[in-house]
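Student: Respectively, the protein sequence lines represent chains D and A. Okay, so the first sequence: first residue is 1 according to the working numbering, each after it adds one. Okay, so the second sequence: first residue is 454 according to the working numbering, each after it adds one.
Some hints could be false.
What the hints assert, rightly or not - Covered stretches of chain A, as calculated for chain D (at least 3 residues, CB under 8 Å): (1) 558 to 570; (2) 580 to 588; (3) 698 to 709; (4) 757 to 766; (5) 772 to 786.
No lab work stands behind these hints: they were computed from the structure. Glycine included, C-beta positions come from ideal geometry on N, C-alpha and C.
For reference, the chains in residue letters:
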Amino acid sequence: MGANLKTVLTFAIMAAMLAAVGVLQSWSLALAITNMCLVSAVMALGVNIQWGYAGLFNVGIMGFTALGGVAAVLVSVSPVAGAWQAGGVGILFSLVLALATIAAMVFVHNKLPKSRGRSWLLFLMIIVGLIIIRWQYAPSVLAIEKFQPAQTGFLGGLGLPIMFSWFVGGVFAAGAAWLIGKIALGLRSDYLAIATLGISEIIIAVIKNEDWLTRGVKNVSGLPRPVPYEVDLQSSPWFHDLVEKLGGSSLPSDALARQSALQQMVIESSSLFVKLCYTGLFVVVLCLLLWLAHRAQKAPWGRMMRGIRDNEDAANAMGKNVTKRHLQVFVLGSAVVGIAGAMMTTLDGQFTPGSYQPLRYTFLVWVMVIVGGSGNNLGSVLGAFIIWFFWVEAEPLGQWFIGFVTSGMAADNALRLHLIDSAAHMRLIFMGVILLSVLRFSPHGLLPEQIRR
Amino acid sequence: MSNDILNALVIISNYILVPGLAYGSQLALGALGITLVYAVLRFSNFAHGDSMAFGAMFTILGTTWLQSKGISLGPLPTALLALPLGIIAAILLCLIMDKLVYQHYRQQKSTPVMFVIASVGVMFITNGLVRFIIGPGDRAFSDGQRFIIKAREFKRMYGLSEGLSIKMTQGLTFVIAIIAMALLFWFLQRTKTGKSMRAYSDNEDLALLSGINPQRVVFITWVIVGTLIAIAGVLYGLDKSFKPFTYFQLLLPMFAAAIVGGIGNPVGAVLGGFIIAFSEIAVTYAYRKFLIYLLPEQYEPDGLMQLLSTDYKFAVSFMILVAVLIWRPTGLLRGKSI
Chain D
1 MGANLKTVLT
11 FAIMAAMLAA
21 VGVLQSWSLA
31 LAITNMCLVS
41 AVMALGVNIQ
51 WGYAGLFNVG
61 IMGFTALGGV
71 AAVLVSVSPV
81 AGAWQAGGVG
91 ILFSLVLALA
101 TIAAMVFVHN
111 KLPKSRGRSW
121 LLFLMIIVGL
131 IIIRWQYAPS
141 VLAIEKFQPA
151 QTGFLGGLGL
161 PIMFSWFVGG
171 VFAAGAAWLI
181 GKIALGLRSD
191 YLAIATLGIS
201 EIIIAVIKNE
211 DWLTRGVKNV
221 SGLPRPVPYE
231 VDLQSSPWFH
241 DLVEKLGGSS
251 LPSDALARQS
261 ALQQMVIESS
271 SLFVKLCYTG
281 LFVVVLCLLL
291 WLAHRAQKAP
301 WGRMMRGIRD
311 NEDAANAMGK
321 NVTKRHLQVF
331 VLGSAVVGIA
341 GAMMTTLDGQ
351 FTPGSYQPLR
361 YTFLVWVMVI
371 VGGSGNNLGS
381 VLGAFIIWFF
391 WVEAEPLGQW
401 FIGFVTSGMA
411 ADNALRLHLI
421 DSAAHMRLIF
431 MGVILLSVLR
441 FSPHGLLPEQ
451 IRR
Chain A
454 MSNDILNALV
464 IISNYILVPG
474 LAYGSQLALG
484 ALGITLVYAV
494 LRFSNFAHGD
504 SMAFGAMFTI
514 LGTTWLQSKG
524 ISLGPLPTAL
534 LALPLGIIAA
544 ILLCLIMDKL
554 VYQHYRQQKS
564 TPVMFVIASV
574 GVMFITNGLV
584 RFIIGPGDRA
594 FSDGQRFIIK
604 AREFKRMYGL
614 SEGLSIKMTQ
624 GLTFVIAIIA
634 MALLFWFLQR
644 TKTGKSMRAY
654 SDNEDLALLS
664 GINPQRVVFI
674 TWVIVGTLIA
684 IAGVLYGLDK
694 SFKPFTYFQL
704 LLPMFAAAIV
714 GGIGNPVGAV
724 LGGFIIAFSE
734 IAVTYAYRKF
744 LIYLLPEQYE
754 PDGLMQLLST
764 DYKFAVSFMI
774 LVAVLIWRPT
784 GLLRGKSI
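Please model the entire structure based on the sequences and the hints provided.
Tutor: Here it is as structure tokens:
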């Protein structure tokens, strides 16, 4: 029972900290932090499935997150008819050409015996394929990007509800993970790390530069929402009634003052309401994924995974296909990260490829998993909450700390000014110290893995 | 006609050969550090790129101080005078981090992946320190003479329409890298300490039995790695410009270089560095002008004749890495020992 009590207690403390932010700073901020905590929790869950269940070290979380964001854009934005007319067919045709090249290469690879000649033939096919694809692709891209570049300049998406993209984001990430896992799994453990590092850099490079797909660094903003808009809420009578019912007692009694105070209250609550809607949606997704992950971990599959993680050779000797299982769990975990990526872009309402930084999206998630407790799903959720909370709050805390340390210096002291300027970078050092300390002194994390014997 | 061929050759030298040699030397020095850590300490060091930024940062601080005193090296960049400071800083960083972080996992005989995660923590701290001390912005700290050979003079001397220019930083990079590598290989092959390092990397237990002091081997390794880190970081910063973030992005090409050559094998690291550098530059170079010189007039290309846009240079090192992982996971030179 001790472990369960600890789980409840730590989550209660976390809730209290968030409530403290609500009281001391603002409820809007507290909800914003909570929402990002929930998204991070889904990411951390995905990483925990890979690392905690199977011991796979994935350094490409940023790339899988960004693929989720791409899914959000491609699913939700309405199609740009002009751009499709300008170059849609060309793009589709070059896609067909690419698939044909790959199919031809697979055919040659399977039909011809292994020889030096075959390798050269395959190499030649890549080059010729690239040239042919480019001949179709380059003019179409130019045509699409020329179409109203200030507003669109890309093909747009399917115009479906954005929630659908959460699923699609998972599929995209799973596809990329399958590809990279096929290559790097079964080799030394750190090769997977390097390969995932590479694929995530490339995914980001593609997203930044292929403007016809996602507008690149020009960003896509104003993505449709799964929740109501503040403006609509403010003009709907039922919301007014709700606000009046909940907060009416604190309003002044004078009719005129009451009216304007109510208006103010409606505006404030509309933004809170929207955030709460997101919170509700995210909690549902997180709980669903947690339940699935928990079931999987308790099932024979989970025991097998643990067996493989703890002793690969023994598992292999017992007839388990280690590489195949690794591929499976790697794809599953990445899919969860992709879902989180789509959720995050939905929450932001915009897709900004320039904002994907490995320290923030890959390594911070790692800190969450390690701190929370690798192998324990609730642990990684807790880690996500704690680390994201401090990542956001480290800035005011760091400012305060630096201000306190340098309070003895003159106001225009160069060192003091430099320190105040650089306080924001303290949180990187802070996160590194947390990661290393937990790894060293409490390697099982805050909520250690529970193994039923 | 023969002038056309000469011009084409000059273009290739100017845009591929010279930059490739400089960039290749920088990658080779970086990959050497990675490969040495791998061979002796047996993990992939993710903090390598940011440690390079750390070493370069101290060199920049030293350079600024020297410049403020009016000290310079004439035609050579002042940063060379400040380089020892960067080397000492990088060595100290490596040794302190080893003492505080890696030593524990060595004693625990942890799995390589634990070391990798620990190195991620070190990366965070190093990156934070660099940004905290010098800020995340761009810094150009190269001074002195800019060119060894200027394009205009070259054209005048040989009467060609294409010029060859070699920047001072490119020449220096190549020369310093060659000297550093020669010293390193001499050290590993000829000295007793170098031999003990190789023995330790080859077979730890056997080396311990024959009386090699493991702590000394680890110490020496970090000293060498720190030196390589600082030199590589400073040369890269001199040639391009210093920006903390770019050093993290160097990790991928450097790892690719080390693995392609055969991780743990210093000769392989050098070879891999040049392979990656030349492929990156050759694939992303626009061959239009080159082909105009060589092809008859009616076949002149109208596109840029570029295989891949420069934004995708990471993709090149990654593709090579993937190819090697698929077909020859031990690398071209069969790695794993020094």
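Student: Work down the list of hints and note, for each, if the structure agrees.
Tutor: Going through the hints against the structure:
1. Here the region 558 to 570 of chain A counts 6 residues with a CB under 8 Å from a CB of chain D, which clears the bar of 3, and the coverage holds.
2. For the region 580 to 588 of chain A, the stated coverage by chain D holds: 7 residues have a C-beta nearer than 8 Å to a C-beta of that chain, and at least 3 were required.
3. Coverage of the region 698 to 709 of chain A by chain D holds. Counting CB-CB distances below 8 Å, 6 residues qualify, and the rule asks for three or more.
4. For the region 757 to 766 of chain A, the proposed coverage by chain D is satisfied: 4 residues have a C-beta within less than 8 Å of a C-beta in that chain, meeting the threshold of three.
5. Counting residues of the region 772 to 786 of chain A whose beta carbon lies closer than 8 Å to any beta carbon of chain D gives 5, which reaches the threshold of three, so the coverage claim holds.
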